[in-house]
Amino acid sequence: MPDVLDIALLTSWIDRTAAVLEREKAYLTELDAPIGDSDHGMNMARGFAAANAKLGATPPGDVGALFKTVGMALISTVGGAAGPLYGTLFVQAGVKSAGKASLDLAGWRDCLAAGLAGIVQRGKAEPGDKTMVDALTPAVAALDGGGLSAALAASAEAAEQGMKATIPLVARKGRASYLGERSAGHQDPGATSSWMLLKALAETAA
Amino acid sequence: MKKLINAPDAVVDEALDGMAAAHPGLIKVVRNPNYVIRADAPVRGKVAVISGGGSGHEPMHGGFVGRGMLDAACPGAVFTSPTPDQMLEATKAVDGGAGVLHIVKNYTGDVMNFEMAADLAKAEGIDVESVVINDDVAVKDSTWTAGRRGVATTVLAEKICGAAAEAGRKLADVTALCRKVNDNGRTMGMALTACTVPHAGKPSFTLAEDEMEIGIGIHGEPGRQRVKIEPADRIVEMLMTPVIEDLPFKAGDDVLLFVNGMGGTPLVELYVLYRKAHEIAEKHGLRVVRNLVGSYITSLEMAGTSITLLKMDADMVSLWDAPVVTPALRWGA
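Chains G and L are the protein sequences, given in the same order. Residues in the first sequence are numbered consecutively from 1, following my numbering. Residues in the second sequence are numbered consecutively from 1001, following my numbering.
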C-alpha cells in the first residue's frame, strides 16, 4: 500500500482510467441516451485515451505537469460539457500540485477540492442539480484522514453513493434539465464517470 | 442502425472531405483542429463571424460558411460541441483585424467551450465578442434548467450578422445586432421520430407509431411533453401559439416565418406546415415580410419540424436580402 501518490502511480491511474472508460463507454452512453445525447461514453473514452497517449509521449516532471497535461488533453479532445469540466478539474488540480514530486492524502484532497471548485465555477452547478458535482462533493468530504489507500477507497465509495443518489433527482443543469420531471429515475452519466475515475484511483493505490 | 456511412468514427471527417470536394470555390477545410473557413479568409478590415457546434445539424454550420454569412464554422463530433482549440484556431485564421464575433447556441457544452476559446483568443490580442442564442420557447423556466436552448434563430442570426459584417459594420454593431436578432426570435420544435447517433447505434429514445414529442431541441433529446399525434394543422397551432405569445408578437409586426425540417421530414410536408403557419400569422395581424422553408438546422434523420418567428425592422430585412454565397444558402449574387 503506497503512502503517497507519485508520478508513476498517477500515470498508471490515468492508464487504468482510460481502460475502464474504453470498457464502459457503451454503458455510459446508455445512461446518457434517455437524458442527454448519447455521446458521453465515446467522448470520455476518446479523451482519456488521448491523455494517456500524451503522458506516454512526454512523461511529466512533476505532479502539476502531469495533471495539466491530462487537463489540456481532455479540453482539446472530449468536447461537449464534459471536456471543459473534466479538463478544468485536472488543470486546477495541476495548479495546486505545481512542482510537487508526489501527493500525500492532504495534498490529494487539496487537488480534488480545487478541481471541484473549478468545475462548480465553470458549470455553475450546485449539489442536487444531478451532475458530476453530486459524486465529487462527497468524495472530497470523505478524504478526511486515515491511511491513503483506505481514504481513497472511502472517497470512491462516497462518490458511488453520490452517483446513486442522482437517480431520483430532477436535473437542473446540462441537457438533462430540458426534460424537467422526466429526468428523474435516471442515473446521471457525469456523476457515473466521476465515480469511475475515483474508483480507478482507489484500485491503483490499493 | 442503417446509415449511409463507412464507420461511425469516420463520419465527420469524411463529410468534411466531401464538403471540401463539393465547394472548393467557397470554402476551405482545415484539419487538426478541424474547422471550415471561407475560401478568401481572412478578409482584411472586415469583422469575422464564427459559429460552431456538434455535427449532425447540417447544413448548419459548415453549410453557411461563405461570403455574406459565416467566416468560419467549427464542427464537433456528432451532437458534441467542438473543443476550444478549434474555435481558437478558426478565430485566428479569420481575424481580419476588425475583431471576431462568436455566435453560440445555448447548450452547456457549446457555451463552456466557446468561453474558453474566447478567453484564449483575447489573451492572444484578438478582439472577440460572443452572443449566446437562446430562442427555444419550449424551455420555460430558466431557474431550473440550463436556460432556453439555442435553435433555429441561430440560422437567421448568422445570415443577418454575416451580411452586416460584409457591409463593413464594426464589431460592436454586429454584436448588438446579433443580440437584437436573438431578442426578437422565438422557436418551438417537435418530433415524430427519434434519431440515431452513429456511435450509439440505436435511437436516443423511442416514440410509438401514434406518439409525438413536443418541445424538442436539436440533439435527438426528448422534449417536454409526449402526446398523441395530431393532424398537421393542429401541430402547427401547438407550435405557433407559444411562439407568438412568448415575445409576444403583436398585430402589425413585420416578421420572418421560418419553417424548418429536422432532417427526416420531406419538403412537401414542410409546405403543408408553412401554409397553416402563414395563415395563423396573418390571423394574428402579423405581416410575413420574409420566409424560409427547408431543412437548415437538423437533428440527423429525425422527422419533425421547428417553427421560428423573427420580428424584423427595415434594417434586418435589407440585411436578410443582401447577397449570400454559401453551400446551403445562396441568393442575390
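Hints listed in this document are in silico derivations from the structure and should not be mistaken for laboratory results. Think of the CB as a built atom: it goes at the ideal place given N, C-alpha and C, for glycine as much as any other residue. Be aware that a few hints might be false.
[To be verified] Here chain G is said to cover these stretches of chain L; the calculated rule only asks that three of the stretch's residues, wherever they fall, bring their Cβ under 8 Å from a Cβ of chain G: (1) 1060-1068; (2) 1076-1082; (3) 1102-1111.
[Said to hold, decoys possible] If you anchor each label on the Cβ, the simulated ranges turn out as follows: (4) L/A1208 x G/Y27: 54 to 64 Å; (5) L/G1096 x G/A141: 48 to 58 Å; (6) G/E22 x L/D1119: 24 to 34 Å; (7) G/T58 x L/K1228: 33 to 43 Å; (8) G/T58 x L/D1127: 31 to 41 Å; (9) L/P1323 x G/S12: 16 to 26 Å; (10) G/A53 x L/D1183: 37 to 47 Å; (11) G/P127 x L/A1172: 37 to 47 Å; (12) L/A1020 x G/A206: 48 to 58 Å; (13) G/A206 x L/E1211: 21 to 31 Å; (14) L/P1323 x G/P168: 46 to 56 Å; (15) G/S12 x L/A1021: 25 to 35 Å; (16) L/Y1271 x G/T58: 56 to 66 Å; (17) G/S12 x L/L1004: 40 to 50 Å.
Each hint, compared with the structure:
With 0 residues bearing a CB less than 8 Å from a CB of chain G, the region 1060-1068 of chain L misses the requirement of three and the coverage assertion fails. Counting residues of the region 1076-1082 of chain L whose beta carbon lies closer than 8 Å to any beta carbon of chain G gives 7, which reaches the threshold of three, so the coverage claim holds. Coverage of the region 1102-1111 of chain L by chain G holds in this model, with 3 residues showing a Cβ closer than 8 Å to a Cβ of that chain against a need of three. The hinted window of 54 to 64 Å between L/A1208 and G/Y27 is violated, with their beta carbons roughly 26 Å apart.
Restraint check, L/G1096 to G/A141: a C-beta distance of roughly 51 Å satisfies the suggested window 48 to 58 Å. Range check, G/E22 to L/D1119: Cβ separation about 31 Å, and the 24 to 34 Å hint holds. Between G/T58 and L/K1228 the CB atoms are about 59 Å apart, so this pair departs from the stated range of 33 to 43 Å. Checked against the hint of 31 to 41 Å, the C-beta distance between G/T58 and L/D1127 comes to roughly 34 Å, which is consistent with it.
Between L/P1323 and G/S12 the Cβ separation comes to about 59 Å, which falls outside the hinted range of 16 to 26 Å. Take G/A53 and L/D1183: their Cβ atoms lie about 45 Å apart, and the range 37 to 47 Å holds. Distance hint check for G/P127 and L/A1172: the Cβ-Cβ separation is about 40 Å, which falls inside the suggested range of 37 to 47 Å. At about 50 Å, the CB distance of L/A1020 to G/A206 agrees with the hint of 48 to 58 Å.
With their beta carbons about 49 Å apart, G/A206 and L/E1211 fall outside the hinted range of 21 to 31 Å. With their beta carbons about 55 Å apart, L/P1323 and G/P168 fall inside the hinted range of 46 to 56 Å. Roughly 44 Å separates the CB atoms of G/S12 and L/A1021, a value that falls outside the hinted 25 to 35 Å. As the Cβ distance of L/Y1271 to G/T58 is approximately 58 Å, the hint placing it in 56 to 66 Å holds.
Evaluation of the 40 to 50 Å hint for G/S12 and L/L1004 yields a pass: the beta carbon distance comes to about 42 Å.
Violated hints, in rising order: 1, 4, 7, 9, 13 and 15; the structure is consistent with all others.
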